[in-house]
Amino acid sequence: MTAIRKPTLTDMALIVSLGFIWGTSFLAIKFAVREFAPTSVAAIRIWIAFVMLFGVMLWKGQRFSLNPKFWGAILFVGIFNTSMPFFLISWAEQTVDSGIAALLMGTSPLLAMVGSHFTTNDDHLSAPKLIAVALGMTGVLLVVGVEAVTGLGRNLIAQLAIFSASLCYVASGMFVRRFTHVSVESFTAAILLVGALSLTPWLAHSAMQAGGIATVKPLLALLYLGLVPTGLAYLIRFYLIRSVGYSYTVLGIYIIPVVGVLLGNLVLGEPLETTTLLALALIISGIVYARLKA
330 MTAIRKPTLT DMALIVSLGF IWGTSFLAIK FAVREFAPTS VAAIRIWIAF VMLFGVMLWK
390 GQRFSLNPKF WGAILFVGIF NTSMPFFLIS WAEQTVDSGI AALLMGTSPL LAMVGSHFTT
450 NDDHLSAPKL IAVALGMTGV LLVVGVEAVT GLGRNLIAQL AIFSASLCYV ASGMFVRRFT
510 HVSVESFTAA ILLVGALSLT PWLAHSAMQA GGIATVKPLL ALLYLGLVPT GLAYLIRFYL
570 IRSVGYSYTV LGIYIIPVVG VLLGNLVLGE PLETTTLLAL ALIISGIVYA RLKA
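This note's numbering puts the first residue of the sequence shown at 330, with every later residue one more than the last.
Note that these hints are calculated values from the structure, not bench results. Treat the hints with care, as some may be off.
What the hints assert, rightly or not - Restraint ranges, calculated between C-beta atoms of paired labels, are given here:
| id | residue 1 | residue 2 | range |
| --- | --- | --- | --- |
| 1 | 423 | 530 | 16 to 24 Å |
| 2 | 483 | 387 | 47 to 55 Å |
| 3 | 424 | 546 | 20 to 28 Å |
| 4 | 389 | 507 | 42 to 50 Å |
| 5 | 529 | 603 | 42 to 50 Å |
| 6 | 617 | 423 | 14 to 22 Å |
| 7 | 447 | 398 | 22 to 30 Å |
| 8 | 594 | 485 | 30 to 38 Å |
| 9 | 402 | 450 | 14 to 22 Å |
| 10 | 388 | 614 | 23 to 31 Å |
Note that the structure is predicted; figures quoted are calculated from it, not measured. Idealized CB from N, CA, C, for every residue including glycine.
Please model the complete structure; the sequences and the hints are all you need to start from.
What follows is the structure, given as structure tokens:
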């Protein structure tokens, strides 16, 4: 396991960009699940991302490792970092309010910090990181409203699905740093391949049950989900985890609900509150503070 380094300004910009990219995925999922089953959305976006990353691999002259131990570990990361959380989120989003989903996913940074503290030698809990978490959660609450907290516990199964997706990301994310001996492109492509294959039987079943031809918006949403929030975002995410550690990388999650509100304003014409801009300032301040004190 290669030691992590202090985050640079470029790393910080990538983390913020990652939050913005992931924030756009929830609107795209809303469009996609109008005409595709949640399992189909998850499978198709992963297959699209795999084709993209496999093309990058071939272009750079890279090949997959043939080591059985590598593929055994990739099986775990591939399922828990792609197919399972993608399915859980796509399924739960049909009934869970976006504010509740944001609060539940907001547990990831703290879980990641605790997990990394006990499983690594150099990615420990610290006061600056905890302050960044506090600022991030404050920002999320400003966006979704304190009243969203009262919705916790309703529609419990779907909410547990969102929280389980968060746990999946944390468990698999802490495993990523064990693979610094392979290129980030081949590592990402291998994970996506496993995730895609694990969902293909459900994709085939959904395809047989589907009727008619999908319209343009859901198809474009799927293409976008595959290329940007999956293919490009996973490449950035795994690079950052290897370089600066998981507990810092995951802070970008707090930007997601802010992006959701900003998109609502830009795409749907929903009003933009001053508190949303304040929330974004708080979240980015937390990321900057954690970086300066690293």
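* Asked: Taking the beta carbons of residue 483 and residue 387, is their distance inside 47 to 55 Å?
  -> About 48 Å separates the Cβ atoms of residue 483 and residue 387, which means 47 to 55 Å holds.
* Does the Cβ distance between residue 423 and residue 530 fall inside 16 to 24 Å? -> 21 Å, holds
* Using the beta carbons of residue 388 and residue 614, state whether their distance is inside 23 to 31 Å or not. => 39 Å, violated
* 14 to 22 Å as the expected CB spacing between residue 423 and residue 617, which holds or is violated -> 36 Å, violated
* Confirm or reject the claim that residue 447 and residue 398 have a C-beta distance inside 22 to 30 Å. => 23 Å, holds
* So does residue 529 sit 42 to 50 Å from residue 603, Cβ to Cβ? -> Holds: the Cβ-Cβ distance is about 47 Å, inside 42 to 50 Å.
* residue 402 versus residue 450 beta-carbon gap, inside 14 to 22 Å or not -> 19 Å Cβ-Cβ, so the 14 to 22 Å window holds.
* To do: Could you say whether the range 30 to 38 Å given as a hint is met by the Cβ separation of residue 594 and residue 485?
  => 31 Å, holds
* **Assessment of proposed distance window 42 to 50 Å (beta carbons of residue 389, residue 507)** => 22 Å, violated
* To do: Check the following: the C-beta atoms of residue 424 and residue 546 are separated by a distance inside 20 to 28 Å.
  => 21 Å, holds
The structure fails to meet hints 4, 6, 10 from the earlier list, while all remaining hints are met.
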